[in-house]
Amino acid sequence: MVGPGWTRRRAPPGAAPTMNCRAEVLEVSVEGRQVEEAMLAVLHTVLLHRSTGKFHYKKEGTYSIGTVGTQDVDCDFIDFAYVRVSSEELDRALRKAVGEFKDALRSSGSDGMGQISLEFYQKKKSRWPFSDECIPWELWTIKVNVVNLANEQERQICREKVGEKLCEKIINIVEVMNRHEYLPKMPTQSEVDNVFDTSLKDVQPYLYKISYQITDSLGTSVTTTMRRLIKDTLAL
Amino acid sequence: MDTDLSSQDRKDLDKFIKFFALKTVQVIVQARLGEKICTRSSSSPTGSDWFNLAIKDIPEVTHEAKKALAGQLPAVGRSMCVEISLKTSEGDSMELEIWCLEMNEKCDKEIKVSYTVYNRLSLLLKSLLAITRVTPAYRLSRKQGHEYVILYRIYFGEVQLSGLGEGFQTVRVGTVGTPVGTITLSCAYRINLAFMSTRQFERTPPIMGIIIDHFVDRPYPSSSPMHPCNYRAGEDNGAVYPSVEDSQEVCTTSFSTSPPSQCVFTVTKTHFQTPPPVVTDTLKVPVMGLAFSHQLSSSRLSYQPAALGVGSADMGYPVLFAGGLNAAHPHQLLGPGKEGGVPPVPSQPAHGTQADQERMCTPLDGVHYSAATPSSSEDTETVSNSSEGKCGSPHDLLETIFIRKVGAFVNKPINQVTMANLDIPFAMFAPKNVELEDNDPMVNPPDSPETESPLQGSLHSEGSSGSSTGNTHDDFVMIDFKPAFSKDDILPMDLGTFYREFQNPPQLSSLSIDIGAQSMAEDLDSLPEKLAVHEKNVKEFDAFVETLQ
Numbered sequence: 001m002v003g004p005g006w007t008r009r010r011a012p013p014g015a016a017p018t019m020n021c022r023a024e025v026l027e028v029s030v031e032g033r034q035v036e037e038a039m040l041a042v043l044h045t046v047l048l049h050r051s052t053g054k055f056h057y058k059k060e061g062t063y064s065i066g067t068v069g070t071q072d073v074d075c076d077f078i079d080f081a082y083v084r085v086s087s088e089e090l091d092r093a094l095r096k097a098v099g100e101f102k103d104a105l106r107s108s109g110s111d112g113m114g115q116i117s118l119e120f121y122q123k124k125k126s127r128w129p130f131s132d133e134c135i136p137w138e139l140w141t142i143k144v145n146v147v148n149l150a151n152e153q154e155r156q157i158c159r160e161k162v163g164e165k166l167c168e169k170i171i172n173i174v175e176v177m178n179r180h181e182y183l184p185k186m187p188t189q190s191e192v193d194n195v196f197d198t199s200l201k202d203v204q205p206y207l208y209k210i211s212y213q214i215t216d217s218l219g220t221s222v223t224t225t226m227r228r229l230i231k232d233t234l235a236l
Numbered sequence: 001m002d003t004d005l006s007s008q009d010r011k012d013l014d015k016f017i018k019f020f021a022l023k024t025v026q027v028i029v030q031a032r033l034g035e036k037i038c039t040r041s042s043s044s045p046t047g048s049d050w051f052n053l054a055i056k057d058i059p060e061v062t063h064e065a066k067k068a069l070a071g072q073l074p075a076v077g078r079s080m081c082v083e084i085s086l087k088t089s090e091g092d093s094m095e096l097e098i099w100c101l102e103m104n105e106k107c108d109k110e111i112k113v114s115y116t117v118y119n120r121l122s123l124l125l126k127s128l129l130a131i132t133r134v135t136p137a138y139r140l141s142r143k144q145g146h147e148y149v150i151l152y153r154i155y156f157g158e159v160q161l162s163g164l165g166e167g168f169q170t171v172r173v174g175t176v177g178t179p180v181g182t183i184t185l186s187c188a189y190r191i192n193l194a195f196m197s198t199r200q201f202e203r204t205p206p207i208m209g210i211i212i213d214h215f216v217d218r219p220y221p222s223s224s225p226m227h228p229c230n231y232r233a234g235e236d237n238g239a240v241y242p243s244v245e246d247s248q249e250v251c252t253t254s255f256s257t258s259p260p261s262q263c264v265f266t267v268t269k270t271h272f273q274t275p276p277p278v279v280t281d282t283l284k285v286p287v288m289g290l291a292f293s294h295q296l297s298s299s300r301l302s303y304q305p306a307a308l309g310v311g312s313a314d315m316g317y318p319v320l321f322a323g324g325l326n327a328a329h330p331h332q333l334l335g336p337g338k339e340g341g342v343p344p345v346p347s348q349p350a351h352g353t354q355a356d357q358e359r360m361c362t363p364l365d366g367v368h369y370s371a372a373t374p375s376s377s378e379d380t381e382t383v384s385n386s387s388e389g390k391c392g393s394p395h396d397l398l399e400t401i402f403i404r405k406v407g408a409f410v411n412k413p414i415n416q417v418t419m420a421n422l423d424i425p426f427a428m429f430a431p432k433n434v435e436l437e438d439n440d441p442m443v444n445p446p447d448s449p450e451t452e453s454p455l456q457g458s459l460h461s462e463g464s465s466g467s468s469t470g471n472t473h474d475d476f477v478m479i480d481f482k483p484a485f486s487k488d489d490i491l492p493m494d495l496g497t498f499y500r501e502f503q504n505p506p507q508l509s510s511l512s513i514d515i516g517a518q519s520m521a522e523d524l525d526s527l528p529e530k531l532a533v534h535e536k537n538v539k540e541f542d543a544f545v546e547t548l549q
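These protein sequences, in sequence, are chains U and Z. Quick note on UniProt numbering: the first sequence kicks off at 1 and runs consecutively. Quick note on UniProt numbering: the second sequence kicks off at 1 and runs consecutively.
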């Protein structure tokens, strides 16, 4: 029987990538075929709150904002439904990232543990020759533990349990959003690309990037292993 | 202190709060309609989408909300509440949720009204969209139609949580501080239904035993009428619900200097002498039929508006539930066939009135139950409109129950319930077999093209056959095994019979152990003899082999 566990804990200040970046960690245990939907549900819920309509700047420094549509999504492998922004481009981008994550999880040969991160950042233009800095201001990390289930009955229970846990997660996400903590200031026209992703044609999320890590069976993440190797090599 | 707030800011703030309250009600009610909602993003601001979110306005809901608010705004001690409850076919009802929009005294003077407050209200609405899918009532509302419907009621004043039973839980959607107070949006929901939503309402028959425990004697019976969470005709025949855009009420998108434009989403007329044009691609305009056709009075539809005024518990619902009828919500977004189950085109001609041609020809998406869903949906509305028009229902009309659509979320058709075992009212209307459906003019109207989709057929048959999830429950009783796509009346042996017969073919004789064991033993015994014989005839064999070479 699977016991999916979800916890949310704040990363201690020292562990955050930068001082002012707000970090939230969610943990989940799901069955293999539920990974995609669970990830998409969480990511879409976060992006729903972190997307606005397209800005249209006018003279005198004013701007108007387009309209964000929403749609319901039913999950096939989880007894769950969520709301996402009506933007096919955004959906495609998220699906691509989650698909890569899922494939990496599957092929890693690890125990099926990994994490996917959604980071919101601001760009800070630097003078030449320095490249632009990316300063994260919010980081969502979802730790995934893939379980294997033996029979159909367990799977059915897992469907419901994961659905309930996802409901709790959505409530947690909304709680964080509701704190109205730091958000980048609304930018002027020249600065808008430093704050928002203006490449989509129908909505405008804050600048974000998605990355993932697969934990190998030793419990260390792949990136830390690489770093250790390089250090060792250099030490010789 | 209002002196800190400029009059323009104060006016803006009041407007924001008012429209926030209206949009909140829309989101909540639409989330309990039982269907998937889908609205489009638009990069160019129309000036009519409050809070930069595409939330459709169902005119009746707006009307009810405005009526409840009566020109006031949520303030301390005066909260706007949306009560969501469930009503079964037997007439028992139970409160499921209370959504409260409250204001408290904690002011945030520093905050900028036109900018920060507006954006935070927008964020709060997004949170509301997310949270409304997460409470137990959402799953219940997606499955409504067959045995129960979901109703809403808006009231203004003190929050009444007593109807939620013991141990209800609350979830806070969010807060927004303003210079005149802090707006809080929260939901209190009943939890002891959560178990039932996945078990009882789907499979087990005796709903009555459960609901009676939760029957709530409403302390304020006539404070405000309950409304089904779907389309209902206006109480006043011919009332034209004002669309959102009074000249002063159109929202301007933030910081825009362009003049506000008309709202594009609302179709507001309920006075249907002529079918108003469909305003958007997804809104369907209800047509007022003038009379019941005889088909309507068959097992499926029994809208009895006159009786509703009496307030008797038997009014209005009955057959809807047992018959598994679903009404189209005319303001529903109809996803293009995503929800499957395309019902046949209803035979509207009996109505004689201006049937909206568009409605007649296009199949109703989103309707799942093959149990006479199709025409029923439109019929109900027309019926309801007409009857509303005819009888001029009294103002203290308690309920107008409409048939609900069953949404895509349904994967466990409710008519697995063994109606045969129940002594329930209106059992005669309970869906029995596929055959009944074939004869039912509602399902197969005589003149309409055959537009039943296989999905619909399969969904219904699946309903009475064992589903994959039914196996795990002991109380599930299979009446009759009807596999998908099977039809009894065409072939003497249908797929089901074929399947049953050939599922257990007799075992091959050579594989049966006894015979095999015997022959094996015999073979072994006879081997030495055979060998001896062969050795004797070695020379003959050799000669034979040479002839072959």
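Bear in mind the hints are in silico, worked out from the structure with no lab data behind them. On a predicted model such as this, the values are computed, not experimentally measured, just so you know. Virtual Cβ for every residue (Gly too), placed ideally from N, Cα, C. Any given hint could turn out to be false.
As the list claims (entries may be wrong) - Quick list of the computed label-pair ranges, beta carbon to beta carbon:
#1 Z:Tyr115 - U:Ser107: 46 to 54 Å
#2 Z:Ala70 - U:Arg155: 26 to 34 Å
#3 U:Lys125 - Z:Gly157: 52 to 60 Å
#4 Z:Ala70 - U:Lys125: 50 to 58 Å
#5 U:Ser131 - Z:Ser6: 54 to 62 Å
#6 U:Arg155 - Z:Lys67: 44 to 52 Å
#7 Z:Lys112 - U:Ile135: 21 to 29 Å
#8 Z:Ser162 - U:Asp111: 45 to 53 Å
#9 U:Tyr57 - Z:Lys112: 16 to 24 Å
#10 Z:Lys112 - U:Lys123: 24 to 32 Å
#11 Z:Gln72 - U:Ile135: 39 to 47 Å
Each hint tested on the structure:
{"no.": "1", "hint": "Z:Tyr115 - U:Ser107: 46 to 54 Å", "verdict": "holds, 48 Å"}
{"no.": "2", "hint": "Z:Ala70 - U:Arg155: 26 to 34 Å", "verdict": "violated, 52 Å"}
{"no.": "3", "hint": "U:Lys125 - Z:Gly157: 52 to 60 Å", "verdict": "holds, 54 Å"}
{"no.": "4", "hint": "Z:Ala70 - U:Lys125: 50 to 58 Å", "verdict": "holds, 54 Å"}
{"no.": "5", "hint": "U:Ser131 - Z:Ser6: 54 to 62 Å", "verdict": "violated, 45 Å"}
{"no.": "6", "hint": "U:Arg155 - Z:Lys67: 44 to 52 Å", "verdict": "holds, 48 Å"}
{"no.": "7", "hint": "Z:Lys112 - U:Ile135: 21 to 29 Å", "verdict": "holds, 25 Å"}
{"no.": "8", "hint": "Z:Ser162 - U:Asp111: 45 to 53 Å", "verdict": "holds, 50 Å"}
{"no.": "9", "hint": "U:Tyr57 - Z:Lys112: 16 to 24 Å", "verdict": "holds, 19 Å"}
{"no.": "10", "hint": "Z:Lys112 - U:Lys123: 24 to 32 Å", "verdict": "holds, 25 Å"}
{"no.": "11", "hint": "Z:Gln72 - U:Ile135: 39 to 47 Å", "verdict": "holds, 45 Å"}
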